[in-house]
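Trainee: Sequence:
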Amino acid sequence: MELDLRILQNKTNFKDVEKEIFRIVCKEARKRFKKILEEIDQAIMENRDKDKFKLKDIKERTIDTLFGEVTIKRRYYQDS
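Counting from 0, one number per residue, gives the positions in the sequence shown under numbering that gives the first Met the number 0.
In case anyone wonders, no lab produced these hints; they're calculated from the structure. Take these hints with a grain of salt, some might be off.
What the hints assert, rightly or not - The list that follows gives simulated cross-link-like pairs (lysine-lysine, DSBU-like), each with its CA atoms no further than 30 Å apart:
| hint | residue 1 | residue 2 |
| --- | --- | --- |
| 1 | K26 | K10 |
| 2 | K72 | K34 |
| 3 | K49 | K34 |
| 4 | K33 | K14 |
| 5 | K26 | K51 |
| 6 | K53 | K30 |
| 7 | K49 | K72 |
| 8 | K26 | K49 |
| 9 | K26 | K14 |
| 10 | K18 | K51 |
| 11 | K55 | K18 |
| 12 | K26 | K53 |
| 13 | K51 | K33 |
| 14 | K72 | K51 |
| 15 | K34 | K18 |
| 16 | K18 | K30 |
| 17 | K55 | K72 |
From just these sequences and the hints, can you work out the full model?
Mentor: Set out below in structure tokens:
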């Protein structure tokens, strides 16, 4: 992630700069966290015992993280 210094041009003090950088970092962290969770969900789907665990549903779920809310689509399985 590269920070474009132009976004800091209208900031008048150090606290405003700090808040803007924090906002940008949290946004990037949410995107990366979502991607990681989706990759884990995909790996579970691909590696599960398909005879035992059948896909039951896919639901959207919102998780409250240190970086803010992250919404993912998650697979749910039923033990057959």
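Trainee: A separate judgement is required for each hint: does it hold in the structure or not?
Mentor: Structure-based check of each hint:
Using a Cα cut-off of 30 Å, the hinted pair K26 and K10 holds, with the two alpha carbons roughly 19 Å apart. Among the hinted pairs, K72 with K34 is consistent with the structure: their alpha-carbon atoms are about 11 Å apart, no more than 30 Å. Using a Cα cut-off of 30 Å, the hinted pair K49 and K34 holds, with the two alpha carbons roughly 24 Å apart. Taking the CA atoms of K33 and K14, the gap is about 28 Å. The hint holds against a cut of 30 Å.
With a C-alpha separation of about 38 Å, the suggested pairing of K26 with K51 is violated against the 30 Å cut-off. Only pairs whose Cα atoms come within 30 Å are accepted, and K53 paired with K30 is accepted, the gap being roughly 29 Å. Proposed proximity of K49 and K72 is supported: the alpha carbons are some 20 Å apart, at most 30 Å. Between the alpha carbons of K26 and K49 the distance comes to roughly 36 Å, so the proposed pair goes past 30 Å and is violated.
Among the hinted pairs, K26 with K14 is consistent with the structure: their alpha-carbon atoms are about 18 Å apart, no more than 30 Å. Distance hint between K18 and K51 is unfulfilled; the C-alpha atoms sit about 49 Å from each other, more than 30 Å. At roughly 42 Å between alpha-carbon atoms, K55 and K18 are farther apart than 30 Å, so this suggested pair is violated. The hinted pair formed by K26 and K53 fails the criterion: a straight-line CA distance of about 34 Å is larger than 30 Å.
For the given pair, K51 sits about 27 Å from K33 by alpha-carbon distance, which is consistent with the 30 Å threshold. Taking the CA atoms of K72 and K51, the gap is near 22 Å; set against the 30 Å cutoff, the hint holds. Restraint check: the Cα-Cα separation between K34 and K18 comes to about 24 Å, which is no more than 30 Å; the hinted pair holds. Using a Cα cut-off of 30 Å, the hinted pair K18 and K30 holds, with the two alpha carbons roughly 19 Å apart.
The straight-line distance between the Cα atoms of K55 and K72 is roughly 13 Å, inside the 30 Å bound, and the hint therefore holds.
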